[in-house]
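Asker: Sequence:
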Amino acid sequence: MTQELGILLFTAVSVAFLHTLFGPDHYVPFIVMSKAGKWSTIKTTWITILCGIGHVGSSIILGFVGIGLGIAVAHLQSLESIRGNIAGWIVIAFGLIYTIWGIRRAYRNKPHTHWHPHSDGHIHDHTHVHSEEHTHVHENIESPSMTPWILFIIFVLGPCEPLIPILMYPAAQGHTFNVVIVSVVFGIITIGTMLTVVLGSIAGLRLLPTGQFERYTHALAGVSILLCGVAIQFLGL
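In our numbering, the protein residues as written are 306 to 542.
If you're looking for bench data, these hints aren't it; they were derived computationally from the structure. Hints are supplied without guarantee of correctness; some may be wrong.
To be verified - Derived Cβ-Cβ restraints for the label pairs, each shown as a range:
{"id": "1", "residue 1": "LEU355", "residue 2": "LEU513", "range": "24 to 34 Å"}
{"id": "2", "residue 1": "GLY375", "residue 2": "LYS343", "range": "23 to 33 Å"}
{"id": "3", "residue 1": "VAL485", "residue 2": "PHE457", "range": "17 to 27 Å"}
{"id": "4", "residue 1": "ILE366", "residue 2": "ARG413", "range": "36 to 46 Å"}
{"id": "5", "residue 1": "LEU310", "residue 2": "ALA377", "range": "20 to 30 Å"}
{"id": "6", "residue 1": "SER345", "residue 2": "SER383", "range": "35 to 45 Å"}
{"id": "7", "residue 1": "LEU355", "residue 2": "TRP394", "range": "17 to 27 Å"}
{"id": "8", "residue 1": "PHE315", "residue 2": "TRP406", "range": "38 to 48 Å"}
We treat Cβ as the ideally placed atom computed from N, Cα and C, and that holds for glycine.
Start from the sequences and build out the full structure, keeping to the hints where you can.
Answerer: Written out as C-alpha coordinates, the structure reads:
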(Lines of atoms letter the chains of each structure in order from A; the text may use other names.)
(Lines give C-alpha, C1' and ligand atoms only; values in the text may rest on other atoms or scores of the structure.)
Protein backbone atom coordinates (compact mmCIF):
# COMPACT_ATOMS: atom_id res chain seq x y z
CA MET A 306 0.00 0.00 0.00
CA THR A 307 1.37 3.39 -0.98
CA GLN A 308 1.36 6.34 1.40
CA GLU A 309 -1.08 8.14 -0.87
CA LEU A 310 -3.55 5.23 -0.77
CA GLY A 311 -3.15 4.97 3.00
CA ILE A 312 -4.07 8.63 3.43
CA LEU A 313 -7.06 8.23 1.10
CA LEU A 314 -8.32 5.17 3.01
CA PHE A 315 -7.90 6.90 6.37
CA THR A 316 -9.83 9.88 5.01
CA ALA A 317 -12.56 7.62 3.58
CA VAL A 318 -12.98 5.74 6.88
CA SER A 319 -13.05 8.93 8.98
CA VAL A 320 -15.42 10.83 6.69
CA ALA A 321 -17.76 7.85 6.22
CA PHE A 322 -17.99 7.24 9.98
CA LEU A 323 -18.53 10.88 10.96
CA HIS A 324 -20.86 11.62 8.04
CA THR A 325 -23.06 8.69 9.03
CA LEU A 326 -22.92 9.26 12.79
CA PHE A 327 -23.82 12.94 12.58
CA GLY A 328 -26.49 12.39 9.93
CA PRO A 329 -29.64 11.24 11.77
CA ASP A 330 -31.29 10.42 8.45
CA HIS A 331 -28.89 7.48 8.17
CA TYR A 332 -30.43 5.60 11.09
CA VAL A 333 -33.47 7.30 12.71
CA PRO A 334 -35.96 6.12 10.04
CA PHE A 335 -34.88 2.48 10.51
CA ILE A 336 -35.01 2.66 14.30
CA VAL A 337 -38.50 4.17 14.52
CA MET A 338 -39.99 2.13 11.66
CA SER A 339 -38.56 -1.09 13.07
CA LYS A 340 -40.13 -0.31 16.43
CA ALA A 341 -43.48 0.79 14.99
CA GLY A 342 -43.71 -2.03 12.46
CA LYS A 343 -42.42 -4.67 14.88
CA TRP A 344 -39.76 -5.70 12.37
CA SER A 345 -37.56 -8.64 13.27
CA THR A 346 -33.83 -8.08 13.72
CA ILE A 347 -33.16 -9.88 10.43
CA LYS A 348 -35.68 -7.75 8.53
CA THR A 349 -34.31 -4.55 10.05
CA THR A 350 -30.76 -5.59 9.19
CA TRP A 351 -31.53 -6.38 5.56
CA ILE A 352 -33.56 -3.22 4.98
CA THR A 353 -30.79 -1.11 6.51
CA ILE A 354 -28.12 -2.82 4.41
CA LEU A 355 -30.09 -2.50 1.15
CA CYS A 356 -30.89 1.17 1.78
CA GLY A 357 -27.24 1.77 2.67
CA ILE A 358 -26.13 0.13 -0.59
CA GLY A 359 -28.60 2.29 -2.52
CA HIS A 360 -27.42 5.41 -0.69
CA VAL A 361 -23.69 4.90 -1.28
CA GLY A 362 -24.08 3.11 -4.61
CA SER A 363 -25.98 5.95 -6.27
CA SER A 364 -23.22 8.41 -5.39
CA ILE A 365 -20.52 5.97 -6.54
CA ILE A 366 -22.28 5.53 -9.89
CA LEU A 367 -22.63 9.30 -10.24
CA GLY A 368 -18.96 9.70 -9.36
CA PHE A 369 -17.85 7.16 -11.98
CA VAL A 370 -20.06 8.82 -14.60
CA GLY A 371 -18.50 12.16 -13.69
CA ILE A 372 -15.02 10.66 -13.94
CA GLY A 373 -15.81 9.11 -17.31
CA LEU A 374 -17.21 12.35 -18.70
CA GLY A 375 -14.56 14.52 -17.11
CA ILE A 376 -17.09 16.54 -15.12
CA ALA A 377 -15.61 18.86 -12.50
CA VAL A 378 -16.11 18.18 -8.79
CA ALA A 379 -18.06 21.41 -8.35
CA HIS A 380 -20.62 20.35 -10.96
CA LEU A 381 -21.04 16.91 -9.42
CA GLN A 382 -21.49 18.40 -5.97
CA SER A 383 -24.13 20.78 -7.35
CA LEU A 384 -26.00 17.77 -8.73
CA GLU A 385 -25.66 15.99 -5.37
CA SER A 386 -27.06 19.09 -3.68
CA ILE A 387 -30.13 18.98 -5.93
CA ARG A 388 -30.62 15.28 -5.13
CA GLY A 389 -30.26 16.05 -1.43
CA ASN A 390 -32.88 18.80 -1.63
CA ILE A 391 -35.35 16.45 -3.32
CA ALA A 392 -34.64 13.66 -0.80
CA GLY A 393 -35.08 16.08 2.12
CA TRP A 394 -38.54 17.14 0.96
CA ILE A 395 -39.55 13.51 0.37
CA VAL A 396 -38.51 12.65 3.94
CA ILE A 397 -40.58 15.58 5.26
CA ALA A 398 -43.62 14.57 3.19
CA PHE A 399 -43.31 10.91 4.21
CA GLY A 400 -42.93 11.85 7.88
CA LEU A 401 -45.95 14.18 7.78
CA ILE A 402 -48.19 11.64 6.05
CA TYR A 403 -47.06 8.86 8.39
CA THR A 404 -47.67 11.08 11.43
CA ILE A 405 -51.23 11.83 10.35
CA TRP A 406 -51.86 8.13 9.69
CA GLY A 407 -50.32 7.21 13.05
CA ILE A 408 -52.49 9.72 14.94
CA ARG A 409 -55.60 8.41 13.20
CA ARG A 410 -54.60 4.84 14.03
CA ALA A 411 -53.96 5.74 17.68
CA TYR A 412 -57.37 7.44 17.93
CA ARG A 413 -59.18 4.45 16.44
CA ASN A 414 -57.25 2.15 18.75
CA LYS A 415 -58.29 4.07 21.87
CA PRO A 416 -59.10 1.60 24.70
CA HIS A 417 -62.58 1.82 26.18
CA THR A 418 -64.52 -0.09 28.85
CA HIS A 419 -67.74 -2.09 28.63
CA TRP A 420 -69.77 -3.05 31.70
CA HIS A 421 -71.61 -6.39 31.75
CA PRO A 422 -74.30 -7.15 34.37
CA HIS A 423 -75.06 -10.80 35.17
CA SER A 424 -78.25 -12.46 36.37
CA ASP A 425 -76.73 -13.10 39.79
CA GLY A 426 -76.26 -9.37 40.32
CA HIS A 427 -72.54 -9.27 39.66
CA ILE A 428 -71.20 -6.63 37.28
CA HIS A 429 -67.83 -6.82 35.62
CA ASP A 430 -66.05 -4.72 33.05
CA HIS A 431 -63.44 -5.32 30.36
CA THR A 432 -61.34 -2.99 28.30
CA HIS A 433 -60.69 -3.51 24.60
CA VAL A 434 -60.01 -1.73 21.35
CA HIS A 435 -62.17 -1.97 18.25
CA SER A 436 -59.32 -1.99 15.75
CA GLU A 437 -58.09 -5.30 17.12
CA GLU A 438 -61.58 -6.69 17.56
CA HIS A 439 -62.59 -6.01 13.97
CA THR A 440 -59.37 -7.24 12.35
CA HIS A 441 -60.01 -10.07 9.92
CA VAL A 442 -58.03 -13.26 10.21
CA HIS A 443 -56.22 -12.75 6.90
CA GLU A 444 -55.02 -9.30 8.01
CA ASN A 445 -52.97 -10.89 10.77
CA ILE A 446 -50.73 -12.53 8.20
CA GLU A 447 -47.76 -10.25 7.56
CA SER A 448 -48.05 -8.73 4.09
CA PRO A 449 -45.45 -6.79 2.12
CA SER A 450 -45.30 -3.16 3.21
CA MET A 451 -44.55 -0.15 1.04
CA THR A 452 -42.48 1.42 3.82
CA PRO A 453 -39.18 -0.40 3.03
CA TRP A 454 -39.51 0.57 -0.64
CA ILE A 455 -40.19 4.20 0.27
CA LEU A 456 -37.11 4.20 2.51
CA PHE A 457 -35.06 2.63 -0.29
CA ILE A 458 -36.13 5.29 -2.80
CA ILE A 459 -35.34 8.05 -0.29
CA PHE A 460 -31.87 6.63 0.33
CA VAL A 461 -31.13 6.18 -3.37
CA LEU A 462 -32.03 9.83 -3.94
CA GLY A 463 -30.15 10.93 -0.82
CA PRO A 464 -26.57 11.86 -1.78
CA CYS A 465 -23.28 10.98 -0.11
CA GLU A 466 -21.71 14.40 -0.76
CA PRO A 467 -18.35 13.72 0.99
CA LEU A 468 -17.69 10.72 -1.26
CA ILE A 469 -17.41 12.68 -4.51
CA PRO A 470 -14.23 14.66 -3.77
CA ILE A 471 -12.60 11.58 -2.20
CA LEU A 472 -13.28 9.65 -5.42
CA MET A 473 -12.25 12.44 -7.76
CA TYR A 474 -8.77 12.90 -6.29
CA PRO A 475 -7.39 9.43 -7.12
CA ALA A 476 -9.28 9.55 -10.43
CA ALA A 477 -7.48 12.75 -11.32
CA GLN A 478 -4.20 10.93 -10.68
CA GLY A 479 -5.27 8.13 -13.00
CA HIS A 480 -5.41 5.52 -10.22
CA THR A 481 -8.51 3.46 -11.03
CA PHE A 482 -7.60 0.81 -8.44
CA ASN A 483 -7.52 3.47 -5.71
CA VAL A 484 -10.94 4.75 -6.78
CA VAL A 485 -12.44 1.26 -6.46
CA ILE A 486 -10.81 0.56 -3.08
CA VAL A 487 -11.86 3.92 -1.65
CA SER A 488 -15.44 3.35 -2.86
CA VAL A 489 -15.63 -0.11 -1.26
CA VAL A 490 -14.14 1.04 2.06
CA PHE A 491 -16.39 4.10 2.21
CA GLY A 492 -19.44 1.92 1.58
CA ILE A 493 -18.50 -0.71 4.16
CA ILE A 494 -17.86 1.87 6.90
CA THR A 495 -21.05 3.79 6.10
CA ILE A 496 -23.29 0.71 6.14
CA GLY A 497 -21.46 -0.76 9.14
CA THR A 498 -21.98 2.44 11.12
CA MET A 499 -25.65 2.55 10.12
CA LEU A 500 -26.17 -1.05 11.27
CA THR A 501 -24.32 -0.52 14.55
CA VAL A 502 -26.38 2.53 15.51
CA VAL A 503 -29.69 1.04 14.35
CA LEU A 504 -29.34 -2.37 16.03
CA GLY A 505 -27.77 -0.87 19.16
CA SER A 506 -30.59 1.67 19.53
CA ILE A 507 -33.29 -0.95 18.98
CA ALA A 508 -31.69 -3.21 21.60
CA GLY A 509 -31.68 -0.29 24.02
CA LEU A 510 -35.34 0.54 23.32
CA ARG A 511 -36.34 -3.03 24.14
CA LEU A 512 -35.06 -2.49 27.68
CA LEU A 513 -37.34 0.50 28.23
CA PRO A 514 -40.92 0.16 29.53
CA THR A 515 -42.69 1.47 26.41
CA GLY A 516 -45.92 -0.53 26.75
CA GLN A 517 -48.03 2.49 27.66
CA PHE A 518 -46.93 4.24 24.45
CA GLU A 519 -47.71 1.27 22.21
CA ARG A 520 -50.72 3.02 20.68
CA TYR A 521 -48.62 5.95 19.63
CA THR A 522 -45.62 4.16 18.11
CA HIS A 523 -46.63 4.90 14.52
CA ALA A 524 -47.41 8.55 15.29
CA LEU A 525 -44.11 8.95 17.15
CA ALA A 526 -42.28 7.27 14.27
CA GLY A 527 -43.84 9.73 11.84
CA VAL A 528 -42.89 12.72 14.00
CA SER A 529 -39.31 11.42 14.30
CA ILE A 530 -38.98 11.04 10.52
CA LEU A 531 -40.58 14.46 9.99
CA LEU A 532 -38.12 16.13 12.36
CA CYS A 533 -35.30 14.23 10.70
CA GLY A 534 -36.37 15.62 7.32
CA VAL A 535 -36.58 19.15 8.74
CA ALA A 536 -33.07 18.78 10.18
CA ILE A 537 -31.75 17.66 6.79
CA GLN A 538 -33.53 20.37 4.83
CA PHE A 539 -33.07 23.37 7.07
CA LEU A 540 -30.18 22.57 9.41
CA GLY A 541 -27.93 20.86 6.89
CA LEU A 542 -27.47 17.68 8.94
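Asker: Give me the numbers of the hints this structure contradicts, sorted from smallest to largest.
Answerer: Per hint list: single violation, 2.
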